[in-house]
Amino acid sequence: MTVQLVTAQGKESADTAFYQTVKEKSGARLERCYQCVACSSGCPSAYQMDYPPHQLLRMVQLGLKDRVLKSNTYWICLSCETCATRCPNNIEIVMVMDTLRHLALAEKIKGATKLPLFHRTFLGDVKLFGRIYELGLILWYTIFSGNIFKLKGLMQDALLGVKMFSRGKLAILPHRIKGQKAIKRIYDLTGKTG
Amino acid sequence: MEKIKYGYYPGCSLESTAIEYNHSVHATAKLLDVELVELDDWNCCGASSGHCTNYELSLALPARNLAIAEKAGLNIAVACAACYLRFKQTTHDLRKDKQLLQKIETIIEMPYQARTETRHLVEIFAREVGLDEIKKRLKKPLRGLKLASYYGCYLVRPPEVTQFDDPESPHLLDDLMSAVGGEPVDWTHKVECCGGSLLLGRVDIVKKLTDDICRAAIDAGADGIVAACPLCMANLDTRQTTTKMPVIHFSELMAIALGAEPKEYSKWLKKHINNPAPVLKERGLI
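Those protein sequences? They're chains W and G, same order as listed. Numbering follows our numbering, with no gaps: position 194 of the first sequence is 194. Just add 194 to the spot in the second sequence (first one is 1) and you have our numbering.
Don't take each hint at face value.
Over 10 Å on every C-beta distance to chain G, these chain W residues come out as not near it, computed from the model [unchecked claim]:
{"#": "1", "residue": "S13"}
{"#": "2", "residue": "E24"}
{"#": "3", "residue": "C36"}
{"#": "4", "residue": "D98"}
No farther apart than 20 Å at their CA atoms in a straight line, the calculated lysine to any residue pairs in the SDA-like style are these [stated by the list, open to error]:
{"#": "5", "chain 1": "W", "residue 1": "K181", "chain 2": "G", "residue 2": "E229"}
{"#": "6", "chain 1": "G", "residue 1": "K401", "chain 2": "W", "residue 2": "Q48"}
{"#": "7", "chain 1": "G", "residue 1": "K461", "chain 2": "W", "residue 2": "Q156"}
{"#": "8", "chain 1": "W", "residue 1": "K163", "chain 2": "G", "residue 2": "K438"}
{"#": "9", "chain 1": "W", "residue 1": "K23", "chain 2": "G", "residue 2": "Y249"}
{"#": "10", "chain 1": "W", "residue 1": "K163", "chain 2": "G", "residue 2": "W381"}
{"#": "11", "chain 1": "W", "residue 1": "K23", "chain 2": "G", "residue 2": "D287"}
{"#": "12", "chain 1": "W", "residue 1": "K181", "chain 2": "G", "residue 2": "P305"}
{"#": "13", "chain 1": "G", "residue 1": "K265", "chain 2": "G", "residue 2": "D360"}
{"#": "14", "chain 1": "G", "residue 1": "K401", "chain 2": "W", "residue 2": "Q156"}
{"#": "15", "chain 1": "G", "residue 1": "K401", "chain 2": "W", "residue 2": "K181"}
{"#": "16", "chain 1": "G", "residue 1": "K438", "chain 2": "W", "residue 2": "Y141"}
Incomplete in silico selection of chain G near chain W, CB under 7 Å [claimed, not checked]:
{"#": "17", "residue": "T211"}
{"#": "18", "residue": "V379"}
{"#": "19", "residue": "W381"}
{"#": "20", "residue": "T382"}
{"#": "21", "residue": "K465"}
Calculated directly from the structure, the hints in this document are not laboratory data. In this text the structure is predicted, and so the values were computed from the model without any measurement. No residue lacks a Cβ here, since even glycine has one placed at the ideal position from N, Cα and C.
Construct the complete structure from the given sequences, taking the supplied hints into account.
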């Protein structure tokens, strides 16, 4: 059901089904949140989020689907579990963040970050070889993300790459596992990833 | 005493960016008579990218490894805190939900009953080999070496899943460092996140978090930070910007204290970006 709310942003549509969907998929007891802000106080990446975790939870409770899914909060979340460990109501906040990521990928929401691309590159690597090929992951992500055109960062990373390479810390060739068919089957049967 | 034997899951990083961790784990295990049998044809656990994008995938990838260990009749020893949590989470979720367990069993096409236990090497050395036994075997106590034990996130959180130690003020790694003669310092950032999965995706955040951690360790008077995870190690050692804090795996220090040969440890000490050798030399340990 869609209802009109008056928020700090003016009039906004709220989708009550969104709250139920997130609650069911995450298994989190979302109704328990009473805005104590313990989650946001300990969150190491809240300073870079559009909305800190406690605000995002409130927005989910209200059904502000658009604003929630277009925010960068759930991609910036490090899944470090500090919030969930400290929540006095035992709300599984990291499961909520995971659920929002899954929903955003399923609905092809254009996010504010390149982090979905990182995850896709990472999992593509695993699908191909069965294990992470670190050098490949670094190179592919640098190219796909466009970071290759950011000269300052690129120079720093290239310098670090040379240091690691000269110390024998970057395997040149990927290791291919024997059970590649089994890995492909796992990917096929667990459905589409972002 | 029966010999301690585990199915060893090194994880992807230990074959490449954390190769020194792998070498020193094997050296320490050998010196403590722990047998580590590498799991046959193991695969990546899916790490953060798995659970961020697809729940069932995040269970099935670890489950294949857990099933390989179950077939071999072994429990799993892991070196990486991220792999540790993925394995523990999979076991935790599948033990609670038999239907999901059956589904995952079909997906991986292997018999799997979620019986395999997963332990981190810190737990195996501190709790199974035991601190007293380690003290008995010391060849070169790390006297005078002030160490900031860094637990990060996934060893201690979520506590109901990992059951490793107190989530806010853990001490298992400190106990282990005391047992090998080091001096653990009391500090503020034991369980603060290093930025983990944003390693490549948001370098700016990782730099801020690692700088905070390194500065906290320096403020507490530590000579170095002790890591128990290859990803924490990669972030802390390569992304600190305003400090030059040595970061070292607990197993490197243990192997040195337990009498590893110089030609052995010199190979892995060279691999660090912030060289830990000067401070070890200064204390007369190498």
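Hint check:
1. S13: 28 Å, holds
2. E24: 13 Å, holds
3. C36: 17 Å, holds
4. D98: 6 Å, violated
5. W:K181 - G:E229: Violated: K181 (chain W) and E229 (chain G) sit about 30 Å apart, past 20 Å.
6. G:K401 - W:Q48: Holds, at about 13 Å.
7. G:K461 - W:Q156: Violated, at roughly 26 Å.
8. W:K163 - G:K438: 15 Å, holds
9. W:K23 - G:Y249: 15 Å, holds
10. W:K163 - G:W381: 30 Å, violated
11. W:K23 - G:D287: 18 Å, holds
12. W:K181 - G:P305: 17 Å, holds
13. G:K265 - G:D360: 32 Å, violated
14. G:K401 - W:Q156: 13 Å, holds
15. G:K401 - W:K181: Outside the cut-off at roughly 38 Å; violated.
16. G:K438 - W:Y141: Violated: K438 (chain G) and Y141 (chain W) sit about 27 Å apart, past 20 Å.
17. T211: 5 Å, holds
18. V379: Check failed: Cβ of V379 (chain G) comes no nearer than 21 Å to chain W, outside 7 Å.
19. W381: 16 Å, violated
20. T382: This interface hint is violated because 13 Å lies over the 7 Å limit.
21. K465: Where the cut-off is 7 Å and the nearest Cβ of chain W is about 5 Å from K465 (chain G), the hint holds.
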